[in-house]
Each structure stands twice: as structure tokens, then as C-alpha cells.
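Residue numbers (our numbering), protein chains in the order written: chain B, 1 to 114; chain Z, 1 to 114.
Misleading hints may appear alongside valid ones.
Said to hold, decoys possible - For lysine to any residue, the following SDA-like pairs were computed, each having C-alpha atoms within a straight-line distance of at most 25 Å: (1) B:Lys69 x Z:Lys15; (2) Z:Lys17 x Z:Thr78; (3) Z:Lys57 x Z:Gly42; (4) B:Lys106 x Z:Glu44; (5) B:Lys106 x Z:Ser27; (6) B:Lys106 x Z:Ser95; (7) B:Lys58 x B:Glu88; (8) B:Lys106 x Z:Arg110; (9) B:Lys58 x Z:Ala2; (10) B:Lys49 x Z:Ser95; (11) B:Lys49 x Z:Ala31; (12) B:Lys69 x B:Asn41; (13) B:Lys109 x Z:Phe45; (14) B:Lys58 x Z:Gly51; (15) B:Lys58 x B:Ala1; (16) B:Lys58 x Z:Leu96; (17) Z:Lys15 x Z:Asn52; (18) B:Lys106 x B:Ser52; (19) B:Lys106 x Z:Gly51; (20) B:Lys69 x Z:Asp56; (21) B:Lys106 x Z:Glu14; (22) B:Lys49 x Z:Asp107; (23) Z:Lys17 x Z:Asp107; (24) B:Lys106 x Z:Ala2; (25) B:Lys106 x Z:Leu60; (26) B:Lys58 x Z:Gly99; (27) B:Lys106 x Z:Phe65; (28) B:Lys69 x B:Ala54; (29) B:Lys68 x B:Asn41; (30) B:Lys49 x B:Pro114; (31) B:Lys106 x Z:Lys17; (32) B:Lys109 x B:Gly62; (33) B:Lys49 x Z:Asp18; (34) Z:Lys15 x B:Asn41; (35) B:Lys49 x Z:Ser27.
Source of the hints: derived by calculation from the structure; they are not laboratory data. In this text, all values refer to a predicted model and were calculated from it rather than measured experimentally.
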Amino acid sequence: AQSVTQLGSHVSVSEGALVLLRCNYSSSVPPYLFWYVQYPNQGLQLLLKYTSAATLVKGINGFEAEFKKSETSFHLTKPSAHMSDAAEYFCAVIFGAGSYQLTFGKGTKLSVIP
Amino acid sequence: GAGVSQSPSNKVTEKGKDVELRCDPISGHTALYWYRQSLGQGLEFLIYFQGNSAPDKSGLPSDRFSAERTGGSVSTLTIQRTQQEDSAVYLCASSLVSGNQPQHFGDGTRLSIL
């Protein structure tokens with residue numbers, strides 16, 4: 001079955017520390033991968049996307065993610081956390097060309113400690 | 001504005017009433033999607049429109065839910081005879097075309113059924 005798993009529903013980091021949010025997927029076809037961020041009472045904002053070009057993808061706000069096919073992973077990282085990064089982050093997948101609906105992970109809520 | 005616009009932002013109604021939720025996509029976007037975000041189920045796909053093609057309604061949870069898209073632009077999601085389990089945030093997204101194009105989300109309608 002095709003699925004998206006985000007390890008850790010809640011992650012806390014200190015301001016200035018590395019942010020690492022994990023996403024793994026299960027798919028029998030090449031996926032298209034996305035990370036979205038959601039601030040309270042707002043919709044989802046696209047951080048970055050992977051669509052079979054470079055495996056290291058840079059996004060907005062200093063975030064990047066690396067597609068590792070052998071590990072079926074697409075982890076999100078940022079070298080130095082800011083207070084403004086506190087939000088909920090969702091990994092999402094479109095399973096294969098010809099598909100269009102996003103399948104989301106359960107989300108990871110990031111807290112940044114001053 | 002330039003983004004996806006949803007109205008109302010909040011809706012409180014009594015069980016058994018009908019509700020209509022509106023989505024105005026980004027100008028020029030031919031694909032439109034509805035998703036539902038709830039505490040128990042996370043983010044779920046509901047329905048997809050692409051141009052003048054027949055919509056994909058495979059995600060609608062029951063026949064109380066329906067949606068239409070008039071003139072290839074504005075969409076309305078209607079829930080008849082609302083139940084308490086319908087309480088959720090309903091998110092609309094649009095994209096240039098379907099497939100691997102990123103979906104841009106509105107801020108959602110928070111629906112509360114009393």
C-alpha cells in the first residue's frame with residue numbers, strides 16, 4: 001500500500017540548532033514529493049518539492065530536503081532554527097505520473113526553544 | 001488577491017443543516033482540489049476538478065457531500081444534513097495543471113457542527 005510516514009508528531013529544538021524532520025514513503029511507482037508548512041489558523045504553504053531532478057532540493061526560508069530512493073526518504077532539514085520556524089510541517093506525496101491527489105503524513109509540530 | 005480565497009473562514013451550524021463552502025482559485029489555474037483536515041483523520045483528499053473533465057469524487061465520504069465548479073473557476077462544496085463528524089477544516093487548493101505541479105492552498109473554512 002502507498003503511504004507516508006512522518007516520525008515524531010512533535011519535535012523541539014533550541015534556537016540556532018539543526019532542524020531535522022523525517023519523512024518516509026512507501027510506493028511502487030516514482031513519487032513526487034513535497035513539504036508544506038502550516039501556521040496556526042492558516043492554510044498550507046509550499047516549502048519545497050522534488051520532481052525527479054536534483055535529489056537535494058532547496059526551498060524557502062532556508063529549508064532543504066534530500067530524496068534518497070534507496071531509503072524511500074525525503075527528510076527536511078534546516079541548519080539553524082529560528083523562532084519563526086515554529087509551525088506544523090507536512091510531508092506530502094503524489095504517487096506516480098498521471099496521479100494528482102496529495103497523500104499527506106500526519107504532520108510534525110516543531111517547537112523552537114529560545 | 002493573488003492566492004486561493006475561501007469563504008467563510010469560520011462556519012458554525014446546527015446538526016442537520018446544510019452548508020455551502022466557497023473556493024476561488026488562483027486565476028489561470030485549471031486544477032482545483034478540496035481536502036479535509038481533522039484531528040482524527042489528518043489531511044484527506046475529497047474531490048478534484050480539471051478543466052471541463054468529469055470530477056474525481058472518489059474521496060467524498062458520503063452522498064451528503066457534493067461539489068461543483070462553475071465556469072472552470074469558482075467551486076462550491078456542499079454538505080447536506082450536517083453531522084458532528086463533519087466538523088473539520090475544509091481546505092481548497094489549485095494548481096496550473098494536475099500531476100506534479102505544486103498545489104497552492106487557501107486558508108480554509110473551519111466548520112463546527114453543534
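To see whether the hints hold, each was checked on the structure:
Distance restraint check for lysine 69 of chain B and lysine 15 of chain Z: the Cα-Cα separation of roughly 47 Å exceeds the 25 Å cut-off, and the hinted pair is therefore not satisfied. The straight-line distance between the Cα atoms of lysine 17 of chain Z and threonine 78 of chain Z is roughly 11 Å, inside the 25 Å bound, and the hint therefore holds. With a C-alpha separation of about 19 Å, the suggested pairing of lysine 57 of chain Z with glycine 42 of chain Z holds against the 25 Å cut-off. Distance hint between lysine 106 of chain B and glutamate 44 of chain Z is fulfilled; the C-alpha atoms sit about 10 Å from each other, no more than 25 Å.
This hinted pair does not check out: lysine 106 of chain B and serine 27 of chain Z have alpha carbons roughly 30 Å apart, beyond 25 Å. Taking the CA atoms of lysine 106 of chain B and serine 95 of chain Z, the gap is near 23 Å; set against the 25 Å cutoff, the hint holds. This hinted pair checks out: lysine 58 of chain B and glutamate 88 of chain B have alpha carbons roughly 19 Å apart, not beyond 25 Å. Of the pairs offered as hints, the one joining lysine 106 of chain B and arginine 110 of chain Z holds, with about 19 Å between alpha carbons and a cut-off of 25 Å not exceeded.
The straight-line distance between the Cα atoms of lysine 58 of chain B and alanine 2 of chain Z is roughly 24 Å, inside the 25 Å bound, and the hint therefore holds. Proximity of lysine 49 of chain B to serine 95 of chain Z is assessed by CA-CA distance (about 14 Å); at most 25 Å being required, the pair is judged to hold. Proximity of lysine 49 of chain B to alanine 31 of chain Z is assessed by CA-CA distance (about 18 Å); at most 25 Å being required, the pair is judged to hold. Between the alpha carbons of lysine 69 of chain B and asparagine 41 of chain B the distance comes to roughly 34 Å, so the proposed pair goes past 25 Å and is violated.
A hinted pair counts as satisfied when its Cα atoms are at most 25 Å apart, and lysine 109 of chain B with phenylalanine 45 of chain Z qualifies at roughly 21 Å. Using a Cα cut-off of 25 Å, the hinted pair lysine 58 of chain B and glycine 51 of chain Z is violated, with the two alpha carbons roughly 31 Å apart. Only pairs whose Cα atoms come within 25 Å are accepted, and lysine 58 of chain B paired with alanine 1 of chain B is rejected, the gap being roughly 29 Å. Between lysine 58 of chain B and leucine 96 of chain Z the alpha-carbon distance is near 21 Å, which keeps this suggested pair within the 25 Å criterion.
Using a Cα cut-off of 25 Å, the hinted pair lysine 15 of chain Z and asparagine 52 of chain Z is violated, with the two alpha carbons roughly 34 Å apart. Note on lysine 106 of chain B and serine 52 of chain B: the hinted pairing holds, with a Cα-Cα distance of about 24 Å set against a maximum of 25 Å. For the proposed pair lysine 106 of chain B and glycine 51 of chain Z, the alpha carbon gap of about 30 Å is over 25 Å, so the pair is violated. For the hint pairing lysine 69 of chain B with aspartate 56 of chain Z, the CA-to-CA distance comes to about 30 Å; that exceeds 25 Å, so the pair is violated.
For the hint linking lysine 106 of chain B to glutamate 14 of chain Z, the alpha-carbon distance of about 29 Å lies beyond 25 Å, and the restraint is violated. For the hint linking lysine 49 of chain B to aspartate 107 of chain Z, the alpha-carbon distance of about 20 Å falls within 25 Å, and the restraint holds. For the hint linking lysine 17 of chain Z to aspartate 107 of chain Z, the alpha-carbon distance of about 23 Å falls within 25 Å, and the restraint holds. Distance restraint check for lysine 106 of chain B and alanine 2 of chain Z: the Cα-Cα separation of roughly 29 Å exceeds the 25 Å cut-off, and the hinted pair is therefore not satisfied.
Between lysine 106 of chain B and leucine 60 of chain Z, the direct Cα distance comes to roughly 20 Å. Compliance with the 25 Å bound is thereby established for this hinted pair. Restraint check: the Cα-Cα separation between lysine 58 of chain B and glycine 99 of chain Z comes to about 21 Å, which is no more than 25 Å; the hinted pair holds. A hinted pair counts as satisfied when its Cα atoms are at most 25 Å apart, and lysine 106 of chain B with phenylalanine 65 of chain Z qualifies at roughly 24 Å. Restraint check for lysine 69 of chain B and alanine 54 of chain B: the C-alpha separation of about 12 Å stays at or below 25 Å, so the hint holds.
A hinted pair counts as satisfied when its Cα atoms are at most 25 Å apart, and lysine 68 of chain B with asparagine 41 of chain B does not qualify at roughly 33 Å. Of the pairs offered as hints, the one joining lysine 49 of chain B and proline 114 of chain B is violated, with about 29 Å between alpha carbons and a cut-off of 25 Å exceeded. This hinted pair does not check out: lysine 106 of chain B and lysine 17 of chain Z have alpha carbons roughly 30 Å apart, beyond 25 Å. A distance of roughly 18 Å separates the Cα atoms of lysine 109 of chain B and glycine 62 of chain B; the hinted pair therefore holds under the 25 Å criterion.
The straight-line distance between the Cα atoms of lysine 49 of chain B and aspartate 18 of chain Z is roughly 37 Å, outside the 25 Å bound, and the hint therefore fails. For the suggested pair lysine 15 of chain Z and asparagine 41 of chain B, the alpha carbons sit about 24 Å apart, so the restraint of at most 25 Å is met. For the hint linking lysine 49 of chain B to serine 27 of chain Z, the alpha-carbon distance of about 22 Å falls within 25 Å, and the restraint holds.
When the structure is compared with the earlier hints, violations turn up for hints 1, 5, 12, 14, 15, 17, 19, 20, 21, 24, 29, 30, 31 and 33 and for no others.
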